[in-house]
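*Asks:* In case you want the letters, here they are:
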Amino acid sequence: MVNATKGLFISCDIPMAQFIVNMNASLPATQKFIIHVLDSTHFFVQPDVAGMIRSAISEFRDQNSYEKPT
Amino acid sequence: MPQVKIIAKNFMDMVASLPAIKLDMLYRNQFICEAILRSLPPLAKKCVLQMLYIDAPIPSKSLQEWVLADGFSKHNVAIDRLVQLRVFEVIDRKKETTYKLNPTFQTSLRKHLIHGGILPREPMPPNVIAILPTSEELDAYALEQWECFLLQLISSGQAEKSSSFGSSMMRIFQRGLLRQREKEAPRLTESGFQFLLMDTNAQLWHVIREYISNSEEQGVDQADLIAFLLELSFHTTGEGRKESWFIPTKLATNLSVSLADTTSRKQGFVVIETNFRIYAYSSSKLHCEILRLFSRVEYQLPNLIVGAITKESLYNAFDNGITAEQIVTFLQQNAHPRVAEKVPSVPENVTDQIRLWESDLKRVELTPAHFYDEFHSRDVFEAASDFARMHSGLLWEDAKKMHMVVRAEINMLMREHLHGIAMILYGIWMLRVWQRDEPGSSFDDLDSTAPWFIYTFLATGITLCLLTCLGHIAADSANGFCLFCYMVIISVLLLIETGIAADILLNSDWEKDIPEDPTGRFLDFKEFVESNIDIFKWIFLIIFLGQGLSVLLGMALRAFSPNQGSNYDSDEEFTQARLPLVNNHAQQSAYVIGEPPFVNKNETWNANK
Numbered sequence: 001m002v003n004a005t006k007g008l009f010i011s012c013d014i015p016m017a018q019f020i021v022n023m024n025a026s027l028p029a030t031q032k033f034i035i036h037v038l039d040s041t042h043f044f045v046q047p048d049v050a051g052m053i054r055s056a057i058s059e060f061r062d063q064n065s066y067e068k069p070t
Numbered sequence: 001m002p003q004v005k006i007i008a009k010n011f012m013d014m015v016a017s018l019p020a021i022k023l024d025m026l027y028r029n030q031f032i033c034e035a036i037l038r039s040l041p042p043l044a045k046k047c048v049l050q051m052l053y054i055d056a057p058i059p060s061k062s063l064q065e066w067v068l069a070d071g072f073s074k075h076n077v078a079i080d081r082l083v084q085l086r087v088f089e090v091i092d093r094k095k096e097t098t099y100k101l102n103p104t105f106q107t108s109l110r111k112h113l114i115h116g117g118i119l120p121r122e123p124m125p126p127n128v129i130a131i132l133p134t135s136e137e138l139d140a141y142a143l144e145q146w147e148c149f150l151l152q153l154i155s156s157g158q159a160e161k162s163s164s165f166g167s168s169m170m171r172i173f174q175r176g177l178l179r180q181r182e183k184e185a186p187r188l189t190e191s192g193f194q195f196l197l198m199d200t201n202a203q204l205w206h207v208i209r210e211y212i213s214n215s216e217e218q219g220v221d222q223a224d225l226i227a228f229l230l231e232l233s234f235h236t237t238g239e240g241r242k243e244s245w246f247i248p249t250k251l252a253t254n255l256s257v258s259l260a261d262t263t264s265r266k267q268g269f270v271v272i273e274t275n276f277r278i279y280a281y282s283s284s285k286l287h288c289e290i291l292r293l294f295s296r297v298e299y300q301l302p303n304l305i306v307g308a309i310t311k312e313s314l315y316n317a318f319d320n321g322i323t324a325e326q327i328v329t330f331l332q333q334n335a336h337p338r339v340a341e342k343v344p345s346v347p348e349n350v351t352d353q354i355r356l357w358e359s360d361l362k363r364v365e366l367t368p369a370h371f372y373d374e375f376h377s378r379d380v381f382e383a384a385s386d387f388a389r390m391h392s393g394l395l396w397e398d399a400k401k402m403h404m405v406v407r408a409e410i411n412m413l414m415r416e417h418l419h420g421i422a423m424i425l426y427g428i429w430m431l432r433v434w435q436r437d438e439p440g441s442s443f444d445d446l447d448s449t450a451p452w453f454i455y456t457f458l459a460t461g462i463t464l465c466l467l468t469c470l471g472h473i474a475a476d477s478a479n480g481f482c483l484f485c486y487m488v489i490i491s492v493l494l495l496i497e498t499g500i501a502a503d504i505l506l507n508s509d510w511e512k513d514i515p516e517d518p519t520g521r522f523l524d525f526k527e528f529v530e531s532n533i534d535i536f537k538w539i540f541l542i543i544f545l546g547q548g549l550s551v552l553l554g555m556a557l558r559a560f561s562p563n564q565g566s567n568y569d570s571d572e573e574f575t576q577a578r579l580p581l582v583n584n585h586a587q588q589s590a591y592v593i594g595e596p597p598f599v600n601k602n603e604t605w606n607a608n609k
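If you're matching them up, the sequences are chains G and D in order.
Quick note on numbering: UniProt numbering labels position 9 of the first sequence as 9, and the sequence is numbered without any gaps.
Quick note on numbering: UniProt numbering labels position 600 of the second sequence as 600, and the sequence is numbered without any gaps.
Source of the hints: derived by calculation from the structure; they are not laboratory data.
You may find that some hints are simply not true.
Said to hold, decoys possible - Subject to a maximum C-alpha distance of 20 Å in a straight line, what follows is the list of computed DMTMM-like cross-link-like pairs (lysine to aspartate or glutamate):
1) G:K6 to D:E397
2) D:K400 to G:E67
3) G:K68 to D:E312
4) G:K6 to D:D398
5) G:K68 to D:E298
6) D:K362 to G:D62
7) D:K362 to G:E59
8) D:K311 to G:D62
9) G:K6 to D:E374
10) G:K6 to D:E365
11) D:K311 to G:E67
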């Protein structure tokens with residue numbers, strides 16, 4: 001019969017998708033969070049990694065910014 | 001100016017929520033009728049004016065003839081608004097609905113048309129005339145007070161001393177705009193920041209709305225307050241009234257003007273250039289603070305504030321809850337007259353870049369959801385995906401592999417629906433097998449050899465599907481009738497279940513009550529149950545206990561929190577109820593359906609609390 005899995009659905013653009021796949025690959029096997037890779041812009045992941053993904057993305061974004069020293 | 005319209009509409013929503021008696025009393029006042037007329041959407045205004053002198057009710061079809069075909073949706077919106085404000089009275093006859101203008105409203109508006117709109121004023125005694133302030137002084141005073149109030153809002157985030165406003169009034173106005181954490185100074189909330197960037201009229205309406213919602217606690221009647229405020233807005237600036245001689249300023253008179261959604265241009269002061277630098281020709285502290293919200297202020301000269309919009313300053317603003325649209329609208333509305341004539345008043349590269357920076361923060365969307373796979377057949381998959389699409393819960397699907405992702409909120413409904421679909425399909429399959437095995441019998445041959453078992457099975461499946469739809473509609477719209485139907489159907493099903501269970505348990509000859517089943521499926525099922533009677537006894541006991549407990553819990557929750565509908569609880573106990581009665585699958589896979597809802601019952605209960 002039908003199988004239902006609970007989790008988080010991620011929808012993003014292709015560069016961010018690669019970033020998430022990379023992050024997943026760099027984690028040890030017990031902490032890997034991607035359950036299914038649906039296509040190049042959608043993932044299905046464990047439900048409790050939302051905060052971790054968001055903080056990793058904002059860290060990545062901050063590395064790209066330059067603030068003029070005042 | 002969409003912002004003002006939204007806020008004014010909120011005020012009108014508050015008016016519309018008054019009880020009918022008070023609304024009728026309000027409509028006796030001509031000026032209130034005019035204010036309400038001004039706030040209506042244009043089509044509604046047209047309808048009201050056309051029906052002003054018609055006394056007989058008009059069928060809704062004739063009303064629709066006044067509109068072209070592509071305006072039907074706006075027409076319906078207008079009619080809904082009118083009915084909501086009780087300006088239109090609906091008379092439902094058997095074949096068609098007819099509308100009639102509220103008679104009190106009608107007479108007041110007619111009088112207003114005929115006699116004109118001058119408020120009765122008493123002539124002022126000469127000693128008062130001498131001390132009347134001039135209009136410039138009035139404007140300056142109004143501006144100063146308003147700026148003071150807004151600065152109070154910003155600077156209470158920095159804990160400075162308060163101004164001359166009454167402290168209780170300040171608390172009322174700041175409710176929802178300020179948030180106070182323990183041991184910290186009060187901080188502005190998201191809506192607080194958005195409030196600061198709004199147009200003055202929108203801010204005024206918001207404040208008035210807060211004041212009115214708070215008036216109930218003070219013991220002042222809402223209707224009287226609304227009447228007073230609306231009447232106040234019709235005075236012209238600078239004229240006094242009666243004994244206590246209050247003089248309405250521009251702020252007040254603009255209230256009713258803003259209802260009609262016309263823009264009142266005040267002098268802009270901001271010049272923004274294509275190199276992202278801002279020059280604000282103003283000496284007001286308030287303007288400086290507002291600019292500091294989203295830009296980096298670099299210098300402040302006696303009449304000029306110089307700053308720049310940077311990515312960091314914008315990220316700061318976005319963290320505080322301000323949206324890019326609000327910033328762009330603020331810049332456009334406050335553009336200095338020199339640049340205001342240019343099209344566009346804010347350079348496109350600046351607006352585009354602000355929006356791009358905002359969307360950069362939203363690159364990844366996370367939605368809690370459930371992943372469905374291992375569908376047995378394509379029909380089940382398609383039916384399930386149609387159901388999910390209908391309830392706008394389908395997030396992703398792959399038709400080839402038969403996988404789909406569905407929002408977490410409709411997961412319960414999906415499960416029930418899947419049960420229903422599975423039962424329907426199984427029933428159809430059984431029917432086909434039976435017809436194949438007995439080629440002689442036709443549909444005329446019903447009576448006792450009819451495969452009642454299959455038909456009951458099919459009927460239950462269909463009822464289950466319909467019930468999920470009904471439950472979803474009832475939960476969404478909170479329509480009393482839908483909820484009532486839902487409850488009735490569930491109680492009927494529960495009664496049938498109890499009846500059959502009692503019959504089986506108490507009556508040893510129960511098999512004689514049930515007509516003969518030609519398919520033999522029922523016999524198979526009976527043998528299966530009897531061979532595993534121990535397990536089944538425990539399962540049935542647990543399920544009945546579960547049902548009883550959930551009913552009790554539902555009643556207890558309802559007693560403690562009257563807002564909670566019993567829909568969700570009954571959804572779950574319903575899932576439990578159906579399973580034992582209809583656990584008629586001869587296959588072992590029946591248990592797979594049975595188990596997950598049983599296991600998830602506890603988690604979903606906790607989630608629902």
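*Asks:* So, for every hint listed, does it hold in this structure?
*Replies:* Each hint tested on the structure:
{"no.": "1", "hint": "G:K6 to D:E397", "verdict": "holds (16 Å)"}
{"no.": "2", "hint": "D:K400 to G:E67", "verdict": "violated (49 Å)"}
{"no.": "3", "hint": "G:K68 to D:E312", "verdict": "holds (10 Å)"}
{"no.": "4", "hint": "G:K6 to D:D398", "verdict": "holds (18 Å)"}
{"no.": "5", "hint": "G:K68 to D:E298", "verdict": "holds (13 Å)"}
{"no.": "6", "hint": "D:K362 to G:D62", "verdict": "holds (14 Å)"}
{"no.": "7", "hint": "D:K362 to G:E59", "verdict": "holds (14 Å)"}
{"no.": "8", "hint": "D:K311 to G:D62", "verdict": "holds (11 Å)"}
{"no.": "9", "hint": "G:K6 to D:E374", "verdict": "holds (15 Å)"}
{"no.": "10", "hint": "G:K6 to D:E365", "verdict": "holds (17 Å)"}
{"no.": "11", "hint": "D:K311 to G:E67", "verdict": "holds (9 Å)"}
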